[in-house]
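Listed below, chain by chain, are the residues.
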Amino acid sequence: MVLKQITHLTSIDNLTKEQINFILDKSKQMLNILNSKKTLNICKGKILACLFFEASTRTRLSFEAAMHRLGGNVIGFADASTSSAKKGESLTDTIKTVQNYADIICIRHPLEGSSKLAAKYCKIPIINAGDGGHEHPTQTLMDLFTIMIKKNTISNLKIGLCGDLKFGRTTHSLLQALALFGNEIICISPEELRMPNEIKDKIQNYGGKIFQTENLNEVINKLDILYITRIQKERFISEKEYLRLKGRYILDKKIMSIAPKNLFIMHPLPRVDEINPEIDNDKRCIYFQQAFFGVPVRMAILEIMLKI
Amino acid sequence: MVLKQITHLTSIDNLTKEQINFILDKSKQMLNILNSKKTLNICKGKILACLFFEASTRTRLSFEAAMHRLGGNVIGFADASTSSAKKGESLTDTIKTVQNYADIICIRHPLEGSSKLAAKYCKIPIINAGDGGHEHPTQTLMDLFTIMIKKNTISNLKIGLCGDLKFGRTTHSLLQALALFGNEIICISPEELRMPNEIKDKIQNYGGKIFQTENLNEVINKLDILYITRIQKERFISEKEYLRLKGRYILDKKIMSIAPKNLFIMHPLPRVDEINPEIDNDKRCIYFQQAFFGVPVRMAILEIMLKI
Amino acid sequence: MVLKQITHLTSIDNLTKEQINFILDKSKQMLNILNSKKTLNICKGKILACLFFEASTRTRLSFEAAMHRLGGNVIGFADASTSSAKKGESLTDTIKTVQNYADIICIRHPLEGSSKLAAKYCKIPIINAGDGGHEHPTQTLMDLFTIMIKKNTISNLKIGLCGDLKFGRTTHSLLQALALFGNEIICISPEELRMPNEIKDKIQNYGGKIFQTENLNEVINKLDILYITRIQKERFISEKEYLRLKGRYILDKKIMSIAPKNLFIMHPLPRVDEINPEIDNDKRCIYFQQAFFGVPVRMAILEIMLKI
Numbered sequence: 000m001v002l003k004q005i006t007h008l009t010s011i012d013n014l015t016k017e018q019i020n021f022i023l024d025k026s027k028q029m030l031n032i033l034n035s036k037k038t039l040n041i042c043k044g045k046i047l048a049c050l051f052f053e054a055s056t057r058t059r060l061s062f063e064a065a066m067h068r069l070g071g072n073v074i075g076f077a078d079a080s081t082s083s084a085k086k087g088e089s090l091t092d093t094i095k096t097v098q099n100y101a102d103i104i105c106i107r108h109p110l111e112g113s114s115k116l117a118a119k120y121c122k123i124p125i126i127n128a129g130d131g132g133h134e135h136p137t138q139t140l141m142d143l144f145t146i147m148i149k150k151n152t153i154s155n156l157k158i159g160l161c162g163d164l165k166f167g168r169t170t171h172s173l174l175q176a177l178a179l180f181g182n183e184i185i186c187i188s189p190e191e192l193r194m195p196n197e198i199k200d201k202i203q204n205y206g207g208k209i210f211q212t213e214n215l216n217e218v219i220n221k222l223d224i225l226y227i228t229r230i231q232k233e234r235f236i237s238e239k240e241y242l243r244l245k246g247r248y249i250l251d252k253k254i255m256s257i258a259p260k261n262l263f264i265m266h267p268l269p270r271v272d273e274i275n276p277e278i279d280n281d282k283r284c285i286y287f288q289q290a291f292f293g294v295p296v297r298m299a300i301l302e303i304m305l306k307i
Numbered sequence: 000m001v002l003k004q005i006t007h008l009t010s011i012d013n014l015t016k017e018q019i020n021f022i023l024d025k026s027k028q029m030l031n032i033l034n035s036k037k038t039l040n041i042c043k044g045k046i047l048a049c050l051f052f053e054a055s056t057r058t059r060l061s062f063e064a065a066m067h068r069l070g071g072n073v074i075g076f077a078d079a080s081t082s083s084a085k086k087g088e089s090l091t092d093t094i095k096t097v098q099n100y101a102d103i104i105c106i107r108h109p110l111e112g113s114s115k116l117a118a119k120y121c122k123i124p125i126i127n128a129g130d131g132g133h134e135h136p137t138q139t140l141m142d143l144f145t146i147m148i149k150k151n152t153i154s155n156l157k158i159g160l161c162g163d164l165k166f167g168r169t170t171h172s173l174l175q176a177l178a179l180f181g182n183e184i185i186c187i188s189p190e191e192l193r194m195p196n197e198i199k200d201k202i203q204n205y206g207g208k209i210f211q212t213e214n215l216n217e218v219i220n221k222l223d224i225l226y227i228t229r230i231q232k233e234r235f236i237s238e239k240e241y242l243r244l245k246g247r248y249i250l251d252k253k254i255m256s257i258a259p260k261n262l263f264i265m266h267p268l269p270r271v272d273e274i275n276p277e278i279d280n281d282k283r284c285i286y287f288q289q290a291f292f293g294v295p296v297r298m299a300i301l302e303i304m305l306k307i
Numbered sequence: 000m001v002l003k004q005i006t007h008l009t010s011i012d013n014l015t016k017e018q019i020n021f022i023l024d025k026s027k028q029m030l031n032i033l034n035s036k037k038t039l040n041i042c043k044g045k046i047l048a049c050l051f052f053e054a055s056t057r058t059r060l061s062f063e064a065a066m067h068r069l070g071g072n073v074i075g076f077a078d079a080s081t082s083s084a085k086k087g088e089s090l091t092d093t094i095k096t097v098q099n100y101a102d103i104i105c106i107r108h109p110l111e112g113s114s115k116l117a118a119k120y121c122k123i124p125i126i127n128a129g130d131g132g133h134e135h136p137t138q139t140l141m142d143l144f145t146i147m148i149k150k151n152t153i154s155n156l157k158i159g160l161c162g163d164l165k166f167g168r169t170t171h172s173l174l175q176a177l178a179l180f181g182n183e184i185i186c187i188s189p190e191e192l193r194m195p196n197e198i199k200d201k202i203q204n205y206g207g208k209i210f211q212t213e214n215l216n217e218v219i220n221k222l223d224i225l226y227i228t229r230i231q232k233e234r235f236i237s238e239k240e241y242l243r244l245k246g247r248y249i250l251d252k253k254i255m256s257i258a259p260k261n262l263f264i265m266h267p268l269p270r271v272d273e274i275n276p277e278i279d280n281d282k283r284c285i286y287f288q289q290a291f292f293g294v295p296v297r298m299a300i301l302e303i304m305l306k307i
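Protein chains in written order, with numbering that gives the first Met the number 0: chain A, 0 to 307; chain B, 0 to 307; chain C, 0 to 307.
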């Protein structure tokens with residue numbers, strides 16, 4: 000139906016509310032299949048090309064796992080150095096070539112807008128697996144799925160986004176999706192790492208409620224979900240600036256002792272030191288479970304976009 | 000039959016005319032299967048080892064895609080840095096080891112003659128996927144297949160080879176195969192990058208017709224196929240020399256406006272700037288289709304050499 | 000039965016004699032299946048994650064081959080540079096994440112004890128594929144299997160371990176296993192590269208017999224098996240020290256001419272120059288066959304640990 004129209008997934012903006020709901024429903028089915036240890040064969044003979052021009056453990060491995068769990072195959076590269084980019088090939092030429100070898104492509108590239116450009120020239124479906132500091136829509140879908148599973152709804156919640164909201168692409172896409180489903184969002188960040196205005200404006204245009212603060216302790220008691228992100232060293236120009244900001248928000252036993260009982264802590268991972276491992280076994284800390292949900296959600300997306 | 004004797008494919012010289020025809024016929028069958036979206040299972044349980052001591056997108060990914068389309072599996076490495084070569088292991092030791100893990104090996108290595116050396120010590124079939132500036136026989140087979148599909152014959156054509164004919168391994172193997180099938184070949188290159196004499200001599204020995212020129216415009220009107228290649232930076236010692244020669248032949252809208260209606264433009268890819276992307280949508284430009292044909296041709300080769 | 004208790008395989012110490020015998024029996028069955036060219040499907044839908052923080056050809060490719068021969072799939076990385084370790088992620092976080100994507104993990108990491116640490120946090124089975132200069136238990140199992148196939152027993156033999164016995168992890172695990180099965184072990188090494196005392200003490204505690212010498216020629220005639228290892232450059236701090244020691248024991252035609260007829264030469268590979276390739280065709284040299292046995296042994300381990 001509506002979903003048949005998802006040709007490419009380069010931005011969470013590509014999706015309507017109905018399409019997102021459809022993906023979350025399908026993800027639930029995939030989760031049940033995974034939990035039942037049943038084997039799927041629906042992607043037998045199909046090929047996913049994973050083109051990672053930037054390193055990744057989580058996203059690449061979970062896409063590959065998702066394709067294998069569906070019975071399909073994977074080709075690709077894990078960093079730009081083993082691709083023809085080294086010989087000076089343009090991204091569009093790489094895409095025009097690889098589309099001949101696969102049925103669907105997932106791409107991570109350091110350049111903002113790269114996956115949109117790729118999609119323009121590609122006759123098979125493209126999934127954006129991160130384009131620089133820009134967007135990462137499948138991360139957003141697995142974040143929404145995690146909230147759905149834990150809170151049984153993705154609407155009318157109070158959700159704190161905390162950390163690097165300027166460069167952290169995961170929070171940009173997530174903010175938009177959360178606003179779309181009518182949640183209240185509290186942006187918690189140092190002034191230098193605030194959510195960009197163009198993203199906030201977009202949200203406010205369709206009625207989303209956003210508040211902004213620098214003080215986590217002040218708001219933590221009101222939250223249903225606290226989504227914390229890594230201060231990303233690789234996006235900074237100055238080491239000094241990075242070091243000054245990175246220790247700003249740290250979750251530990253002390254802060255968890257004053258946090259609400261029904262607050263869930265999420266994180267896109269990898270973390271560096273913004274979450275102290277001493278709280279990993281706290282039932283409210285669900286970031287590794289969130290990582291697991293990447294598999295059923297990506298299975299759902301692959302199945303839907305391959306139109307099987 | 001005859002084909003049962005293809006143990007290794009290190010050079011296009013390994014093949015007789017009948018064997019080449021047999022491979023092209025089998026490739027046609029594979030193309031039909033791919034187009035029908037049918038799933039094959041004939042390599043189930045088989046393993047292809049892809050040993051890439053030099054980076055490649057196209058060749059590696061299309062070999063892997065071919066093996067997966069046949070229902071088989073792939074192991075290997077995408078560059079020498081993740082192999083035991085780093086620990087000082089010799090190529091022959093790597094081969095003597097990996098032959099224990101796979102059913103067929105495809106190898107790319109910077110050293111001329113490396114795959115022939117590998118074949119000498121290997122009890123499973125070896126496919127040369129490029130040995131330095133030397134040969135790349137599966138590229139030649141997919142080039143022949145492209146011509147066959149587009150011109151319905153691979154004989155009695157006028158074919159221009161243009162660009163770096165000295166270092167470009169793809170043109171060396173292709174020249175021999177084209178001569179074998181009775182085509183007229185026009186070599187178009189700057190004096191410094193001419194086709195090596197030993198290759199021309201070999202061809203003339205079995206009656207091939209070769210002409211040589213530096214001027215593309217002068218001959219373009221007589222051609223059925225123009226096969227242009229990249230001036231390969233990585234084969235040059237001096238940056239200056241490279242820069243002087245690389246802009247010599249550039250295909251753009253202007254030159255295509257005077258080119259014959261039934262001329263096809265081929266290129267082994269990746270291109271740098273020898274073909275302006277403004278002509279990519281011209282029906283005569285078939286280089287991305289040529290890349291696609293790598294899959295059915297490599298499927299055919301894998302099936303034949305695995306003797307399934 | 001007993002084997003159901005193998006959760007993780009981080010050290011050969013994790014295994015009882017019965018468990019080792021069980022693995023060797025199962026390996027024999029796998030070898031028969033491989034030789035009969037039959038196709039297995041018992042790991043269909045299962046995923047092995049190969050996490051190689053250090054380069055490897057042999058171990059990684061044979062694990063991948065083993066999983067494919069069982070009908071299963073593989074995800075992972077071949078060196079740390081394409082993983083999130085680059086972003087500062089801890090090993091335990093990588094494990095807590097990847098365990099969500101796979102059914103079993105095999106890990107190589109430069110740090111001693113890394114796989115034991117990983118196992119502590121991992122809810123799916125972990126196999127140590129080498130942790131620095133420490134242990135490499137599946138290598139030991141394939142070494143035992145090789146001896147079993149060639150000598151029809153793994154007890155009451157005279158076995159020489161020769162070369163770098165200080166840093167060579169393969170010999171540490173092997174020594175323990177050989178002692179467990181009641182063999183006599185002769186350690187042959189320069190004084191600087193002697194087997195560490197803590198390992199020798201451990202063995203002597205359960206009644207193992209060990210002798211030590213610097214002189215290979217003196218003892219070669221008494222041996223059933225000579226297991227020689229590479230002097231590992233990457234474990235040395237000084238280039239000079241490395242160069243001084245690396246030429247100490249070299250097997251060539253001359254030494255083979257005085258060696259017993261029923262002596263077998265083993266080597267974990269890769270070799271550098273401690274075995275002259277001129278003796279590769281000597282029937283007593285079984286190191287490449289030993290490499291091949293990595294596949295059936297790892298198939299057996301995967302099947303047993305996946306509890307299929």
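Just so you know, the hints here were simulated from the structure itself, not pulled from any lab data. Fair warning: there could be bad hints in the mix.
As the list claims (entries may be wrong) - Incomplete in silico selection of chain A near chain B, CB under 10 Å:
hint	residue
1	ALA48
2	GLY71
3	GLY75
4	PHE76
5	THR91
6	ASP92
7	THR93
8	THR96
9	ASN99
10	ASN280
Stated by the list, open to error - Once the Cα atoms are required to be at most 30 Å apart in a straight line, the calculated DSS-like pairs of lysine-lysine come out as:
hint	chain 1	residue 1	chain 2	residue 2
11	B	LYS43	A	LYS122
12	A	LYS115	B	LYS43
13	C	LYS260	C	LYS239
As the list claims (entries may be wrong) - So the derived label-pair ranges between C-beta atoms look like this:
hint	chain 1	residue 1	chain 2	residue 2	range
14	A	THR38	B	ILE32	41 to 49 Å
15	C	TYR241	B	GLU191	52 to 60 Å
16	B	LEU242	C	GLU238	34 to 42 Å
17	B	SER80	A	SER237	58 to 66 Å
18	A	ASN40	C	TYR241	49 to 57 Å
19	B	ASP200	C	ASP281	41 to 49 Å
Heads up, the beta-carbon is just placed ideally off N, CA and C, and yes, glycines get one too.
To see whether the hints hold, each was checked on the structure:
no.	hint	result
1	ALA48	holds (7 Å)
2	GLY71	holds (9 Å)
3	GLY75	holds (7 Å)
4	PHE76	holds (6 Å)
5	THR91	holds (7 Å)
6	ASP92	holds (6 Å)
7	THR93	holds (6 Å)
8	THR96	holds (5 Å)
9	ASN99	holds (4 Å)
10	ASN280	violated (35 Å)
11	B:LYS43 with A:LYS122	holds (29 Å)
12	A:LYS115 with B:LYS43	violated (36 Å)
13	C:LYS260 with C:LYS239	violated (37 Å)
14	A:THR38 with B:ILE32: 41 to 49 Å	violated (25 Å)
15	C:TYR241 with B:GLU191: 52 to 60 Å	violated (44 Å)
16	B:LEU242 with C:GLU238: 34 to 42 Å	holds (39 Å)
17	B:SER80 with A:SER237: 58 to 66 Å	violated (31 Å)
18	A:ASN40 with C:TYR241: 49 to 57 Å	holds (52 Å)
19	B:ASP200 with C:ASP281: 41 to 49 Å	holds (43 Å)
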